[in-house]
Amino acid sequence: MAATPHVLVIGGGSTGVGIARDLAMREFDVTLLEQGNLTHGTTGRMHGLLHSGGRYAVADQASATECIEENRVLRDIASHCVEMTGGLFVKRPEDDESYFQDKLSGCEECGIPAEVVSGREARQMEPHLATDIDKAITVPDGAVDPFRLVVANAASAQEHGARVETHSKVRDLLVEDGEVVGVEVEHDSGPGLRVHGVEGGREEIRADYVVNATGAWAGRIGDMAGVDIEVRPSKGVMTIMNVRQVDTVINRCRPKGDADIIVPHETTAILGTTDEEVADPEDYPEEQWEVDMMIDTLKELVPMLEEARTIRSFWGVRPLYEPPDVGSEDPTDITRDFFLLDHEERDGLPGMTSIVGGKFTTYRMMGEQIADHVCNQFGIDRACRTADVPLPGSEDFSVLRDYMDEFGLRSPIGRRSVERLGSRADEVLQTAGPNPTVCECEGVTRAEVQDAIAQSGSDLNAVRIRTRASMGNCQGGFCSHRLASELHGEYEEPIARRAWDELLQERWKGQRHALWGQQLSQAALNYALHATTQNRDHDPADGESLDFSAFDSGTDDRTTGAAGTDVAADGGHADGY
Amino acid sequence: MSDAEDPTTFSPAEPTTGEEFEPVEVFPDNDDFDLRPGADNCYKCSTCDTNCPVAEVDDDFPGPKFQGPEQWRLTQTDDDYEIDDSITSCSNCLRCDNACPSGVPLSQMHNTARGRYVDEQMSKLSVEYIRNRILANYRTSAWLASKVPRLSTFVMNNSAVRWVMDKTMGIPKERDFPAFATETFQEWWAKRGGADESRRRARQNRPDDADPSDYKVAYFHGCYSNYNTTQVGKAMVRVYEELGFEVVVPEQKCSGTPMFANGMLDDAERHAKVNVSSMSDLVEQGYDAIASCTSCSMALRQEYPELFDIDGIEKVSENTYDSVEYLRIHTDIADRLSEATVEGDLAEEFAYHAPCHGRNQGLERQAVELFAELDGVGIEDVGDSCSGISGTYGWKSEKYEISMEIGQPMFDHMEDSAGETGMTECPTCAMQMEHGTGYDVRHPLELIEAAIVEA
Numbered sequence: 000m001a002a003t004p005h006v007l008v009i010g011g012g013s014t015g016v017g018i019a020r021d022l023a024m025r026e027f028d029v030t031l032l033e034q035g036n037l038t039h040g041t042t043g044r045m046h047g048l049l050h051s052g053g054r055y056a057v058a059d060q061a062s063a064t065e066c067i068e069e070n071r072v073l074r075d076i077a078s079h080c081v082e083m084t085g086g087l088f089v090k091r092p093e094d095d096e097s098y099f100q101d102k103l104s105g106c107e108e109c110g111i112p113a114e115v116v117s118g119r120e121a122r123q124m125e126p127h128l129a130t131d132i133d134k135a136i137t138v139p140d141g142a143v144d145p146f147r148l149v150v151a152n153a154a155s156a157q158e159h160g161a162r163v164e165t166h167s168k169v170r171d172l173l174v175e176d177g178e179v180v181g182v183e184v185e186h187d188s189g190p191g192l193r194v195h196g197v198e199g200g201r202e203e204i205r206a207d208y209v210v211n212a213t214g215a216w217a218g219r220i221g222d223m224a225g226v227d228i229e230v231r232p233s234k235g236v237m238t239i240m241n242v243r244q245v246d247t248v249i250n251r252c253r254p255k256g257d258a259d260i261i262v263p264h265e266t267t268a269i270l271g272t273t274d275e276e277v278a279d280p281e282d283y284p285e286e287q288w289e290v291d292m293m294i295d296t297l298k299e300l301v302p303m304l305e306e307a308r309t310i311r312s313f314w315g316v317r318p319l320y321e322p323p324d325v326g327s328e329d330p331t332d333i334t335r336d337f338f339l340l341d342h343e344e345r346d347g348l349p350g351m352t353s354i355v356g357g358k359f360t361t362y363r364m365m366g367e368q369i370a371d372h373v374c375n376q377f378g379i380d381r382a383c384r385t386a387d388v389p390l391p392g393s394e395d396f397s398v399l400r401d402y403m404d405e406f407g408l409r410s411p412i413g414r415r416s417v418e419r420l421g422s423r424a425d426e427v428l429q430t431a432g433p434n435p436t437v438c439e440c441e442g443v444t445r446a447e448v449q450d451a452i453a454q455s456g457s458d459l460n461a462v463r464i465r466t467r468a469s470m471g472n473c474q475g476g477f478c479s480h481r482l483a484s485e486l487h488g489e490y491e492e493p494i495a496r497r498a499w500d501e502l503l504q505e506r507w508k509g510q511r512h513a514l515w516g517q518q519l520s521q522a523a524l525n526y527a528l529h530a531t532t533q534n535r536d537h538d539p540a541d542g543e544s545l546d547f548s549a550f551d552s553g554t555d556d557r558t559t560g561a562a563g564t565d566v567a568a569d570g571g572h573a574d575g576y
Numbered sequence: 000m001s002d003a004e005d006p007t008t009f010s011p012a013e014p015t016t017g018e019e020f021e022p023v024e025v026f027p028d029n030d031d032f033d034l035r036p037g038a039d040n041c042y043k044c045s046t047c048d049t050n051c052p053v054a055e056v057d058d059d060f061p062g063p064k065f066q067g068p069e070q071w072r073l074t075q076t077d078d079d080y081e082i083d084d085s086i087t088s089c090s091n092c093l094r095c096d097n098a099c100p101s102g103v104p105l106s107q108m109h110n111t112a113r114g115r116y117v118d119e120q121m122s123k124l125s126v127e128y129i130r131n132r133i134l135a136n137y138r139t140s141a142w143l144a145s146k147v148p149r150l151s152t153f154v155m156n157n158s159a160v161r162w163v164m165d166k167t168m169g170i171p172k173e174r175d176f177p178a179f180a181t182e183t184f185q186e187w188w189a190k191r192g193g194a195d196e197s198r199r200r201a202r203q204n205r206p207d208d209a210d211p212s213d214y215k216v217a218y219f220h221g222c223y224s225n226y227n228t229t230q231v232g233k234a235m236v237r238v239y240e241e242l243g244f245e246v247v248v249p250e251q252k253c254s255g256t257p258m259f260a261n262g263m264l265d266d267a268e269r270h271a272k273v274n275v276s277s278m279s280d281l282v283e284q285g286y287d288a289i290a291s292c293t294s295c296s297m298a299l300r301q302e303y304p305e306l307f308d309i310d311g312i313e314k315v316s317e318n319t320y321d322s323v324e325y326l327r328i329h330t331d332i333a334d335r336l337s338e339a340t341v342e343g344d345l346a347e348e349f350a351y352h353a354p355c356h357g358r359n360q361g362l363e364r365q366a367v368e369l370f371a372e373l374d375g376v377g378i379e380d381v382g383d384s385c386s387g388i389s390g391t392y393g394w395k396s397e398k399y400e401i402s403m404e405i406g407q408p409m410f411d412h413m414e415d416s417a418g419e420t421g422m423t424e425c426p427t428c429a430m431q432m433e434h435g436t437g438y439d440v441r442h443p444l445e446l447i448e449a450a451i452v453e454a
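Respectively, the protein sequence lines represent chains A and B.
Each residue of the first sequence is one higher than the one before, counting from 0 in numbering that gives the first Met the number 0.
Each residue of the second sequence is one higher than the one before, counting from 0 in numbering that gives the first Met the number 0.
Next up, chain B with everything else stripped away, as it sits in the complex (with noise of 0.2 Å):
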């Protein structure tokens, strides 16, 4: 900002990078995006790889300097450059993106590099490419385990076959699989009575003289709410009904996350397309796109339209929220909480981490702020350090070291802090908190659901 103006107008809300700053351009004839403006805006001062979890604890990590600006130039003058296989060993969490003073658009410039790795370089009959594009594909597999949630569930904790997919697929036996729900989101949603019971029970909450037009969603739960925690899922349903809001839960596919970790590009594109194709139709309605887990939020808000070219994308993009930052935005949550008083399961003192995914969209302090002033729990933030899991990152046995080393200083905050129990937004920092610490770790909402919805 400079002297002249009003620091009034002045948001900390608003991202400060500008808004004059476009570096996307799209040409006509060319539907490749032009990364120069982000390697011309670097000007080498390294704030990112002082930012970088990978790169403090991997010294072998070279940083995001280089994976992102420096590489890009110096590979300019041909098609015959390879990328440098150290790109495989970012994790994505984007810390770099906040990081950088200068508008540098580093995770296009990775995931951009990645594709090309992955696509190029790869041997795509390789047991880390294979390993890879199943761990990408969560869903896919997910899906499946659904069908048979408790069989899947101890089969894969079962301790011999974890063996086995460790020394076959490099997936670390360290780890504990999640737990399949008997129930997935979706069946439960359509099973309670979808978007008409929505409509309905959002109706009776909303006060007389509110606009219908204003209150209504679009949620997209994401893999993980959907087959694994699906309490999210049924909490953020539950408070947005609670504060008047109707729901639509979209056709939906992965949010491509673990896919544009991964280098896959292709399958992250087919799938935002789906995503793209439901929720612009909605959006174009009037319906804002919730998620309530961040990385989805970031995707969706993000990296889509840094990647991919699809209709209606960038409307999409300008209208998704994370859960909890939209009812901060649109509703008297903090009134509400302020006034509120949780008892039960979830009175309690919560070590919360804030995912890099959600520092990303400027999140990072919503849950503390939010829960400051709700009795009959505490709230207490680990740190700014990165979890370390990142998504896949963690669950491939070569960065399962690596992975851990990250995320010691949040598991030595959690210890520190009084609470036993976790908190975050994010379903794998989730994961991690509780591998790291044994702790149980609960989502925003369903502290929100505890305080404010009638059980």
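This is chain A alone, in the form it adopts within the complex (with noise of 0.2 Å):
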């Protein structure tokens, strides 16, 4: 064994940059793996709660009470990521008093700060609340953005010199002597930063340990190595609004039930969810009642909700997981809990252990407890840092500032920029050459776009993970274009085209669940856009380069150009009439 040993870990959501943080900083040498970009699972697919623990107050209390530490730890350490909203429980005049009464108590007995409000004065804090509601508890929820948490986690885990590799696959586990040894992975466009076009290839990477933090797809790891791992996936809807109608996280009081949960989110409002149980989590319906259903239930608490603008939908599936001897029948039931199966114990196979069940509130505490168990394995004692650490961009900063003289930006855009990029503001922001919004809709500029593909390639999806640029209301139809030619000068034209098209692709995915109303005017002028002003919907160059250099160069033949006879391009004369 090496005298640093190896850790490999399988997933780039929360729980598996948790832990390769978490063990980057516990000095192991640490390889993250990712089929697809961070969080392309499930954490990217959530509704962006910060629990406060009062969702399981009553049912499960081990739970909230996990929640409401690790909710104070983030407000600390993850500061930048973390919008402490508050939030309230509203209870409607049909739903349980008893609940109600059980959820106060619940909420005291886990630790989490609760108080009763009456209706009025829940309409005070949240004026679209329904008129008629009874009254709320008031608790320390708040909303947190999974893409920058999982970025910043990373880029931690970078700092602590670990290899983060993102599009890359893990093709087979690498067996010997019964033994889990490594892997063999398939990276989509070579190792280090994803660029479309460069050839990619398989890499055996050996480990001394391999933590499987897959989720969903712990399973499929599972099988490589003729293990069992009976993750039951749960899908659930969310529906993203264009502006917040709430500025606190709303769920209704009453137990388990669908679309119970509105979370104030940036410059949106998230509307969850729905569990259900699905057999594959890549492939399953995303049907329409299901969007319906949430509006429909949801506008009981918010009137508005029923003309409001949704801008897009989408599905996560949860990575549940119970004992196999617990057989629960409703997906609901089963715990948020997470389980750590040390597959040497469980399978007698040494050198991998699974993480699946939990959530993302408590990524950083799954993380811990999975270090733990690593540094066990090493015969390792060395204490866990990650809840006293700030996460890069989490250290002390201020986003009062002024934005206009220091970086040149207007104040909101600069704001919403240094509320993004937290401590790491200055460092992105001040920036020599001009510096022009790119994003509108989010207040998305250049210097920040730059940051991001300095970070993650040719790769647009990842730079709208990093920026939110192209994820406010136009879903991309005014600014796709620009991040692709941002990508100009570092990539060539068939590099930035393709990965034009795939940010596209991605807006387009969830916008399709929101036609209707405004939303449907606005895919309707940016497919009007596209199509006459970039040929979107025929495409001549059919993928292939262009030959640029058979247009004219755009400059003025009018002043260099010699008769006064020539017809200009536009069809007029030279002279200009």
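Please keep in mind that the hints were generated in silico from the structure rather than gathered at the bench.
Warning: the hint list may mix true and false statements.
From the derived model, a few chain A residues whose C-beta atoms are all more than 10 Å from chain B [unchecked claim]:
(1) D95
(2) D133
(3) R409
(4) G509
Here are the computed distance ranges between Cβ atoms for each label pair [unchecked claim]:
(5) A:Q429 / B:K146: 55 to 65 Å
(6) B:G375 / A:L514: 58 to 68 Å
(7) A:Q100 / B:G285: 33 to 43 Å
(8) A:G516 / B:E127: 51 to 61 Å
(9) B:E186 / A:G516: 54 to 64 Å
(10) A:P435 / B:T167: 32 to 42 Å
Quick reminder that beta carbons are idealized off the backbone N, C-alpha and C, glycines included.
Hints in hand, dock the two standalone chains.
Printed below as a string of structure tokens:
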């Protein structure tokens, strides 16, 4: 065994990066593999709730207690990813009073600060709540940006020496003498930053220990070594509203049910969710009735949702797990707790542990326990520091600055950027060149886009999750081509074109579930613009590189031209008549 | 309009944004106006930006899309967001309102943002604030000046005084201050016998079988017709009486237009309360509210209900008209003019400019259409550019150049047109037209008076 054990973490969601960061900080040699972008799986498809624990305070108090602890930790170490909105559990007249009381006492038992407010007080906090609500319980729920949080964890792991490979899919586990000793991985575009068109290839990565943190995909990794990991993926739909109808997390105060939460998230509000078991985490139906049901149910809490603009919907799969002997019928009954499956103990297969179940809010705590477990394997005793050391971006900083003078930005755009970048703002936004706004909906400037490109290569979806560019109301209609042209210089035209195609595909994926009212107008306008100005409805270049030299240089021949008899390119005469 | 609808029911005089559109929602517990539907309605097409006269000449101005729906949406996460100071570069011409194909209440969003900017971010001791406050409260200065009108006119146009004002206050020395009338419109009105006299004259001119309750209007003259161009106010009264309408002149303050444009919403609301209170009483009694200044009618019709929650405000808004528009709807003015001939002073070729605020009410063709058949005069539309002055905007030294650049196409077209007399409904557009070309500028009411009222 090498002096520094090499641990391989599979899965670039919150759990995976949390483990990778923790192990890297405990001086392990760490490699993280992710099949898509960071957050590609479940992490990138959640409603962004930073749990206070209130949602679990009646049925699952162990989870509730963990949530409130981690809620406090994340406010501290990930302040630039968290917005402490506060939360309400709202009781409608038809909702059960005894459940309301259970919720209240449950919160007290779990140490979750909770107070009852009258319907009128709740409406003073959130004027768009229905007029007939009875009362509510306030809890310290918040909103968290899962993309930013995961990217920051990965960056921290890298700062501590970890290797992070995205778009790198594990094709096989290497098992020698009955022990997992590494993986065979297929890189989409070679190791390092993802660059479209770069020849990929397989790589054997040997490791002293493997952690399978692939969530809903854990069974697939297990299969490669012949061990059975029965994750029960359960899908949930989330719908994104164009603007925030509420500034506080709004929960419906009733026992488990669909469509019972609204989370204010950045410029938007996210409605959630449903809970339905699916067979395959990558192939399940996305149906319109699920979206309709969300709006129809949640408008009982916030009536204006019925008329409000929806910009997209997306589905996520929870990686639920329960020990085989429990046998819950309904996925909502399955615990949200996590399980550490040591395959040596469980299956007689040393060298690998899987982690399944769990929730986003407690990702760090899960990482800590896994890292402790890995330390034990090697007889190493090093303390976990992830709860104390702020993530990159969350070191001391103030968002209240004079952006106009400091960065030459219009104040709301500057403030947005600084809130996203946190303590990295100076490093990213102080730029010598012009810094135009690239994404107008979310106020993202060139400097931020270039910073993201430097982190992630030619992948515009990776730029998107780092900056929020193209995540606003036009859904990339007005900025996708600008983002693609930001790749120019570093990358050639065919690469930019492929990245651009991918971004548009991804934006369309969610937007197609919002095609009525204003977003239908938006989609129609986007289509018209893209078709008429970018030839997107029929691409004559057919993916091939265009011969740009065949076009004129764009300079005005009139100033240099000889006679005034030439016809200018616009069909008019060169002399202006 | 969908294909299923009968196209014959389509009326070009009606707004097509859809009657069901309701940008304003008032919550019982909360008197803030909700601008969410405005942000939801924007699909970023940028038509507003391409119609913005300021953005066209000022590359530093981000345009109405940013000022309105984008900035609103970006700043909702908490109350600490500052309003970008570029909001002070918006001239409040409201072209964006008119341009938007999707019903975004841009001017409402701008007015709200500007109000917040001035309230929260502008130093109340700064020269700019004090200057803007004085400009916005033109009524107060005009009231004072009208006490000594000749002296005021002389002093305000004294070059030394203007040099000092430019240097200390930022009021451009290039502009000529309007002359103050030696007798205000209100003084004239009172001396003439007020509403009683008007009733008497109107009755004489009304057909015997006419229902008097259809012939009652309340005149909102605005500040400028009262203190400066009193001939417009007098023309209004004479024309309306000639057509059988009895006029009343209720208690009134400034419409608030210059206050909206300078973010002084508290001042505007104070004045609006007086105006709405007196106008709503009259509207209840069957009067229609008539303004001869298109910015005043715009304020009463659109900005009041968008920004303030005052008893009777909707009722006043629904019953307010521009003075020429009202005649076109309720009288046979077009026939009267087609039979008339103008002689004398006003037998001229006119270069007509449609003010932005009139344009926003759908009135940009009214003068040209109305006077097309009038003998003895000619009228030519000088195009759809903004005059650039936008009330107090062009009265700020730092905006003067921009103001003149915006106005340049209008000046050019005026020079090109046959006439050497200007015409417009808006008093500050008139100021700019005169400033840019040296032309004398008239209000359509003055020409109607010349055509149908016997001197």
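We went through each hint and held it up to the structure:
1. With a closest Cβ-Cβ approach of about 27 Å to chain B, D95 (chain A) is found to remain outside the 10 Å limit, as its non-interface label requires.
2. Listed as outside the interface, D133 (chain A) is consistent with that label: its C-beta sits roughly 16 Å from the nearest C-beta of chain B, beyond the 10 Å cut-off.
3. In this structure R409 (chain A) is not separated from chain B by more than 10 Å, as the shortest Cβ-Cβ distance comes to only about 4 Å.
4. At roughly 17 Å, the least C-beta separation between G509 (chain A) and chain B is larger than 10 Å, which holds for a residue marked as non-interface.
5. Distance hint check: the CB atoms of Q429 (chain A) and K146 (chain B) are about 57 Å apart, consistent with the given range 55 to 65 Å.
6. Distance hint check for G375 (chain B) and L514 (chain A): the Cβ-Cβ separation is about 59 Å, which falls inside the suggested range of 58 to 68 Å.
7. Between Q100 (chain A) and G285 (chain B) the Cβ separation comes to about 59 Å, which falls outside the hinted range of 33 to 43 Å.
8. Distance hint check for G516 (chain A) and E127 (chain B): the Cβ-Cβ separation is about 42 Å, which falls outside the suggested range of 51 to 61 Å.
9. Against the hinted window of 54 to 64 Å, the Cβ-Cβ separation of E186 (chain B) and G516 (chain A) comes to about 55 Å, which satisfies the hint.
10. For the hinted restraint 32 to 42 Å between P435 (chain A) and T167 (chain B), the CB-CB distance of approximately 37 Å keeps it satisfied.
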